[in-house]
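Colleague: Protein chains in written order, with this note's numbering: chain H, 1 to 220; chain D, 1001 to 1220.
Simulated from the structure, these hints should not be mistaken for laboratory data.
Hints are supplied without guarantee of correctness; some may be wrong.
Stretch-level coverage of chain H by chain D, calculated; a stretch enters the list once three of its residues show a Cβ under 8 Å from a Cβ in chain D [unchecked claim]:
{"id": "1", "stretch": "109 to 119"}
{"id": "2", "stretch": "135 to 141"}
{"id": "3", "stretch": "164 to 171"}
{"id": "4", "stretch": "196 to 209"}
Label pairs and their calculated CB-CB ranges [what the hints assert, rightly or not]:
{"id": "5", "chain 1": "D", "residue 1": "Lys1007", "chain 2": "H", "residue 2": "Tyr51", "range": "50 to 56 Å"}
{"id": "6", "chain 1": "H", "residue 1": "Tyr51", "chain 2": "D", "residue 2": "Gly1030", "range": "50 to 56 Å"}
{"id": "7", "chain 1": "H", "residue 1": "Ala96", "chain 2": "D", "residue 2": "Leu1199", "range": "41 to 47 Å"}
{"id": "8", "chain 1": "D", "residue 1": "Glu1024", "chain 2": "H", "residue 2": "Asp196", "range": "51 to 57 Å"}
{"id": "9", "chain 1": "H", "residue 1": "Ala130", "chain 2": "D", "residue 2": "Thr1035", "range": "27 to 33 Å"}
{"id": "10", "chain 1": "D", "residue 1": "Leu1017", "chain 2": "H", "residue 2": "Glu134", "range": "43 to 49 Å"}
{"id": "11", "chain 1": "H", "residue 1": "Gln16", "chain 2": "D", "residue 2": "Ser1077", "range": "48 to 54 Å"}
{"id": "12", "chain 1": "D", "residue 1": "Gln1016", "chain 2": "H", "residue 2": "Leu52", "range": "45 to 51 Å"}
Even for Gly, the Cβ is constructed at its ideal location relative to N, Cα and C.
Listed below, chain by chain, are the residues.
Protein chains: 2
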Amino acid sequence: MIKKTRKERERAARKQLIIDAAIEVIKKNGFESATMDEIAKQAEVSKGALYLYFKNKASIYLAISERGSRLLTQSLSKILLFELSGLELIRKMGQAYLKFVQQNPIYFTAFIYYENLISDDELFESELAAACEESAREAMTYIVRALQIGMQDGSIKDTYDPKELGLIIWGASKGIIHMAFYKENRNHMKILDDVDFSLDSIINNFIEILGTGMANDQKS
Amino acid sequence: MIKKTRKERERAARKQLIIDAAIEVIKKNGFESATMDEIAKQAEVSKGALYLYFKNKASIYLAISERGSRLLTQSLSKILLFELSGLELIRKMGQAYLKFVQQNPIYFTAFIYYENLISDDELFESELAAACEESAREAMTYIVRALQIGMQDGSIKDTYDPKELGLIIWGASKGIIHMAFYKENRNHMKILDDVDFSLDSIINNFIEILGTGMANDQKS
DNA sequence: ATCTATACTGACTCTCAGTCATTTTTTGAA
DNA sequence: TTCAAAAAATGACTGAGAGTCAGTATAGAT
Chain H
1 MIKKTRKERE
11 RAARKQLIID
21 AAIEVIKKNG
31 FESATMDEIA
41 KQAEVSKGAL
51 YLYFKNKASI
61 YLAISERGSR
71 LLTQSLSKIL
81 LFELSGLELI
91 RKMGQAYLKF
101 VQQNPIYFTA
111 FIYYENLISD
121 DELFESELAA
131 ACEESAREAM
141 TYIVRALQIG
151 MQDGSIKDTY
161 DPKELGLIIW
171 GASKGIIHMA
181 FYKENRNHMK
191 ILDDVDFSLD
201 SIINNFIEIL
211 GTGMANDQKS
Chain D
1001 MIKKTRKERE
1011 RAARKQLIID
1021 AAIEVIKKNG
1031 FESATMDEIA
1041 KQAEVSKGAL
1051 YLYFKNKASI
1061 YLAISERGSR
1071 LLTQSLSKIL
1081 LFELSGLELI
1091 RKMGQAYLKF
1101 VQQNPIYFTA
1111 FIYYENLISD
1121 DELFESELAA
1131 ACEESAREAM
1141 TYIVRALQIG
1151 MQDGSIKDTY
1161 DPKELGLIIW
1171 GASKGIIHMA
1181 FYKENRNHMK
1191 ILDDVDFSLD
1201 SIINNFIEIL
1211 GTGMANDQKS
C-alpha cells in the first residue's frame, strides 16, 4: 500500500474535479465543441491551471475514458460472483455492458475517442493510456473466465480457444452496442429505423445467436 | 436518365479531383492533421475554391465516406451473383468487407468519422449524407437477401427475422473488423496482442461461430 | 470588341489550443 | 510571528488553421 502525501492527494482530487467539469461541459455540447476555456470556467480554475494537471486537451479526454473503463470493468467483475452457468455469465456481461453504455453515454463516446487518440504516439505511451489498457485487459480476463467456466459446465463449446473467443465476443459486442447506442442517442443511419428492434433485447438475441447458432445443420 | 450539362459534368469532375487530393493528404498524416491549405495545394486550387465545392472540411470527409460506401456496396452486390448457399454468401460478404477495409483503410477511417459527423444536424441533412444512407441501405438489402436465400436452402435457421439478423450481423461484423483494423494499422490496445489470432481467419471463425453456434445443447 | 456571369483567388478574420511572464499562495526555517 | 523561497495559479498573448469575401480572371453571349 503506497502512502500518499497530502499534496499528492489534493492534486489527485483536483484532477478529478477537472474531469468532472470536463464531463459537464461535454454533456452540454459534445466533445467537438467543448473548449478549454469552458472547462476551466466550469472547474473554477484558470485555463493555465488545466495544463498543470493535464498535458493537453486530448489527455483530459483520455482521463474520462480511463474513468469509464474502470467503472465498466468493475461492473463486469461483480458478475463473476453470481452462481450461474458460463453462458449465463456471458449473457449477463453483455447486458451489463449495454446498461453501462445507456446510463453513461459520455463514457462510451470517450471510448470511441480513445481509439482515435492513441494513434498519437505520445498519448499512447502515457500513464493514462496504460491505465486504460490495464482496465481493458482486466475486463477481457473476466470474459475469458466466464468462457472457461462455461466450457467446464458444458454450456459453451470447448472447440474454440477461450481467449480467441473472448476477443471475438468483445469485438462483436462492441459493434452491436455501438449500433444500439447510435440508434438511441443521436442522428443515426436510417437503416437502423428499417427494423423495429428492441434495444433491451438485442444483446439477448445476439448472445442467443452466438450461443445456440443460427445454422440448422449442426455437425457436433 | 437525367442529361447533365457540360458545366455540371465539369463541376462534378472537379469535385472528384478535390476528393482525390484530400485522400492523398490524409494518407500522409491522417485525418486530424490534414489542413484545408494542404488539400488546396494538393488539388492545385486556392483554398477559397474548396469552399465553392464543399460546404466545409467535414463535408469533404463526408464525401470520402460516401465514395467508400459506394465502392463497398458495389463489391457486396457482386457476391449475390455467385451460385452458393446463403450461409456461404454471408461468409463471402464478410470476407469482402475485411478485404475492402484492408485495401482501403482510409475509407474505413472515413466511415468512423462519418458516424461522428452526423451528430451535426446540418451535415446529417445534407445530400452527401443521404447518399451514404442510400448505400448503407442497399448493402443491408444484399445481406438480407443472402439470409433469405440461406433460410430457403436450409443453410440458415429461419427462426429469426432476416432483417433483425441482418442488423446483428452488420453491427457485429463492424465491431470485429474494427478490431482487426486497429490491430493491423496503428497503435492499438495491447489486449489485441495477448491473443495470437490471424486476421485473415478471424472473419471465418466469427462467421463459423455465428453459423454453427458455440453452445453444446442445441434445442433444434 | 465589349459586356456579363461565373469561377477563382489569397489576404484577412476569428476561434481556440497551448504558453509563459507575472502574481498569489503556501511552506517551513529562523 | 516573520519572511524568503518554492509552488501554484493566472490570464494576456501567440500561432495555427477553418472559414470569408472583396477583388480578379475567364468563358460565353451579343
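Colleague: Note whether the CB distance of Lys1007 (chain D) and Tyr51 (chain H) lies within 50 to 56 Å or breaks it.
Modeller: holds, 52 Å
Colleague: That 27 to 33 Å hint for Ala130 (chain H) and Thr1035 (chain D) (C-beta), does it hold up?
Modeller: 31 Å Cβ-Cβ, so the 27 to 33 Å window holds.
Colleague: Is the hinted range of 50 to 56 Å satisfied by the C-beta distance from Tyr51 (chain H) to Gly1030 (chain D)?
Modeller: Once the Cβ atoms are compared, 24 Å apart, the range 50 to 56 Å for Gly1030 (chain D) and Tyr51 (chain H) is violated.
Colleague: Could one say that the CB atoms of Ala96 (chain H) and Leu1199 (chain D) fall in the range 41 to 47 Å?
Modeller: violated, 29 Å
Colleague: Taking the beta carbons of Gln16 (chain H) and Ser1077 (chain D), is their distance inside 48 to 54 Å?
Modeller: holds, 52 Å
Colleague: Take the C-beta atom of Glu1024 (chain D) and the C-beta atom of Asp196 (chain H), compute their distance, and say whether it sits inside 51 to 57 Å.
Modeller: violated, 43 Å
Colleague: Given that the stretch 135 to 141 of chain H was listed as covered by chain D, double-check it with a C-beta distance under 8 Å for 3 or more residues.
Modeller: Result for this restraint: holds, n = 3.
Colleague: Against chain D, does the stretch 196 to 209 of chain H show at least 3 residues with beta-carbon separation below 8 Å?
Modeller: holds (count 5)
Colleague: For the stretch 109 to 119 of chain H, does the count of residues with a C-beta closer than 8 Å to a C-beta of chain D reach 3?
Modeller: holds (count 5)
Colleague: Go ahead and decide if the range 45 to 51 Å is satisfied by the Cβ distance of Gln1016 (chain D) to Leu52 (chain H).
Modeller: For Leu52 (chain H) against Gln1016 (chain D), whose Cβ atoms are near 48 Å apart, the range 45 to 51 Å holds.
Colleague: Tell me if chain D covers the stretch 164 to 171 of chain H under the three-residue, 8 Å CB rule, please?
Modeller: holds (count 7)
Colleague: Can you let me know if the beta-carbon spacing of Leu1017 (chain D) and Glu134 (chain H) is within 43 to 49 Å?
Modeller: holds, 47 Å
In summary, the numbered hints that this structure violates are 6, 7, 8.
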